[in-house]
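Residues per chain, in single letters:
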Amino acid sequence: MNLNKIFALSLRHIYLIKGSFPRILDLIYWPTIQIFLWGFISKFFTLNSSFYENTVGIILSAAILYDFLFRSSISYNMMFLEEIWSRNFTNLFIAPIKVSEIIAALTFTAIFRTLIGLVPASIIAIPLFGVSIFKIGFPLIFLLVTLYIFGVTLGLLVTAGLVRFGPSFENIAWASLFFLAPLGCIYYPIEILPEWLQIIAKLLPLVHIFEEMRNILIYDIVDYYQILKAILISFIYFVMGIIVFYWSYDGAKDRGTLINIGE
Amino acid sequence: MKLKIKNLVKKFESTTAVDNISFEIEKNKTLGLLGPNGCGKTTSIGMMLGLITPTSGKIFINEISLEPKNRIELLSLMNFASPYIELPKKLTVKQNLEIYARLYGVEKISERITEMTEDLNLKTFLNKKTGELSSGQKNRVSLAKSLINKPKLLFLDEPTASLDPDVGDFIREYLEKYKKNNELTMLLASHNMTEVERLCDSIVMMKQGQIVDQGTCAELTSKHGRKNLEDTFLKIARSKNEFK
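Taken in order, these protein sequences are the chains called P and Y. Each residue of the first sequence is one higher than the last, beginning at 45 in our numbering. Each residue of the second sequence is one higher than the last, beginning at 14 in our numbering.
Hints may contain errors.
Capping the alpha-carbon separation at 30 Å, the derived lysine-lysine pairs in DSSO-like fashion look like this [claimed, not checked]: (1) K142(P) / K19(Y); (2) K102(Y) / K142(P); (3) K19(Y) / K62(P); (4) K142(Y) / K62(P); (5) K62(P) / K71(Y); (6) K136(Y) / K62(P); (7) K71(Y) / K142(P); (8) K142(P) / K151(Y); (9) K142(P) / K17(Y).
In case anyone wonders, no lab produced these hints; they're calculated from the structure. Bear in mind that the values here come from a model prediction, so they are computed numbers and not experimental data.
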């Protein structure tokens with residue numbers, strides 16, 4: 045992989061963000077609203093639920109982590125959609141760049157978009173609701189890395205769909221995470237799900253991540269085996285996402301859709 | 014750089030978009046790819062750019078086959094411009110050229126951008142967003158992008174479509190000058206017959222996915238008993254497949 049080319053692809057998105065204040069505002073706005081909304085809900089539950097009474101802000105911490113996943117996936121999709129909307133797609137695919145370089149550039153650049161939105165929102169939560177995501181401590185890094193890998197994987201699958209089906213697949217980009225959210229056990233323990241759904245849910249890394257987050261915040265116990273399991277599952281999905289993307293790309297070349305995807 | 018197309022076929026399910034075409038462009042020559050809308054020109058160019066996988070047939074660039082393993086090496090020597098594809102509108106002209114210079118591995122990027130912008134009169138709006146430019150200005154930026162890597166093989170799809178005669182003439186003149194001073198093989202798809210007569214050394218006429226005739230401009234007009242290329246084009250386009 046050529047790092048200069050990966051940097052060039054990233055630079056396109058950095059210039060885009062840097063040159064537009066409304067774009068930066070938009071990146072910050074939604075996570076902040078989420079924090080406010082879940083902050084108040086969290087405060088209500090903390091005061092009225094015996095399960096949460098000893099641990100302030102579990103729901104808010106879950107909301108922040110879920111938003112991190114959501115933003116990383118959406119950032120990935122958005123950067124790809126930008127190429128389609130700007131009708132730059134053909135220029136990009138006739139340049140001497142490998143598909144792996146495109147994937148790498150999107151993966152590395154998505155983190156900037158995600159952090160621009162989430163860092164201010166996470167900091168706001170500290171004075172406003174007395175909740176700090178950083179209370180999770182060192183394992184937070186692993187939880188964020190796992191969420192990021194899975195978020196990027198969902199982004200990859202959606203972009204594979206965009207390459208395969210064209211811009212009409214755009215709506216799926218927005219819906220993809222809401223589809224998985226009920227199975228992710230973000231705000232509730234896995235036991236709430238019917239037994240047959242628990243089996244499916246355990247195949248996703250989300251359950252392991254959010255169960256572990258609750259373990260740490262409620263019982264102050266870190267189960268690294270659970271974290272490792274989440275990382276491994278995420279990584280398996282990531283590899284699958286790359287395979288699906290290559291498969292879609294080859295299919296698009298066969299169907300001739302790469303030449304007019306922006307139209 | 015020599016381009017050789019051999020028995021190229023592209024089928025989309027039951028439709029044959031390109032039907033067994035073969036032709037060559039010698040080094041430093043310009044070939045005009047002509048034909049009515051939907052005759053398979055864009056699909057053919059798409060295959061030559063590695064954007065579409067041929068059903069069968071081969072594309073050789075300097076005797077190297079355009080296959081996935083050679084893709085990066087060959088693409089770095091080629092480029093493409095068309096008014097139907099654009100550069101990111103929210104980025105400035107300079108940013109766009111810088112990004113593509115990096116993607117094509119251009120050395121001394123600033124010097125190359127300065128050179129291109131001076132040659133194509135882009136200097137005054139170098140820091141303007143590409144989306145804010147007029148069609149003529151956008152076309153010149155697109156041409157600058159397509160020449161940023163000093164390609165040895167350039168594909169142009171209707172480079173002067175929808176331009177006023179003055180800007181169109183500027184681009185044609187620039188391409189003539191550029192070709193004189195640089196090693197460049199060109200494939201030009203155009204519906205502007207005056208442009209084709211002016212720029213092309215030879216012509217390939219396509220219809221319904223097939224090559225129906227080829228030769229120099231003079232050869233084709235005389236063969237079909239017409240005064241100019243425009244009339245020759247009309248004769249071929251309106252004929253009922255007797256050229257197949």
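Hints versus structure:
A hinted pair counts as satisfied when its Cα atoms are at most 30 Å apart, and K142(P) with K19(Y) qualifies at roughly 26 Å. A threshold of 30 Å between alpha carbons decides the hint, and for K102(Y) with K142(P) the separation of about 24 Å falls inside it, so the pair holds. A distance of roughly 47 Å separates the Cα atoms of K19(Y) and K62(P); the hinted pair therefore is violated under the 30 Å criterion. Distance hint between K142(Y) and K62(P) is fulfilled; the C-alpha atoms sit about 13 Å from each other, no more than 30 Å.
For the hint linking K62(P) to K71(Y), the alpha-carbon distance of about 44 Å lies beyond 30 Å, and the restraint is violated. Proximity of K136(Y) to K62(P) is assessed by CA-CA distance (about 23 Å); at most 30 Å being required, the pair is judged to hold. With a C-alpha separation of about 21 Å, the suggested pair K71(Y) and K142(P) falls inside the 30 Å cut-off, and the hint holds. The straight-line distance between the Cα atoms of K142(P) and K151(Y) is roughly 27 Å, inside the 30 Å bound, and the hint therefore holds.
A C-alpha spacing of about 24 Å is found between K142(P) and K17(Y), which places the hinted pair at or below 30 Å, so the restraint holds.
Hints 3, 5 from the list above are not met by this structure, while the remaining hints are.
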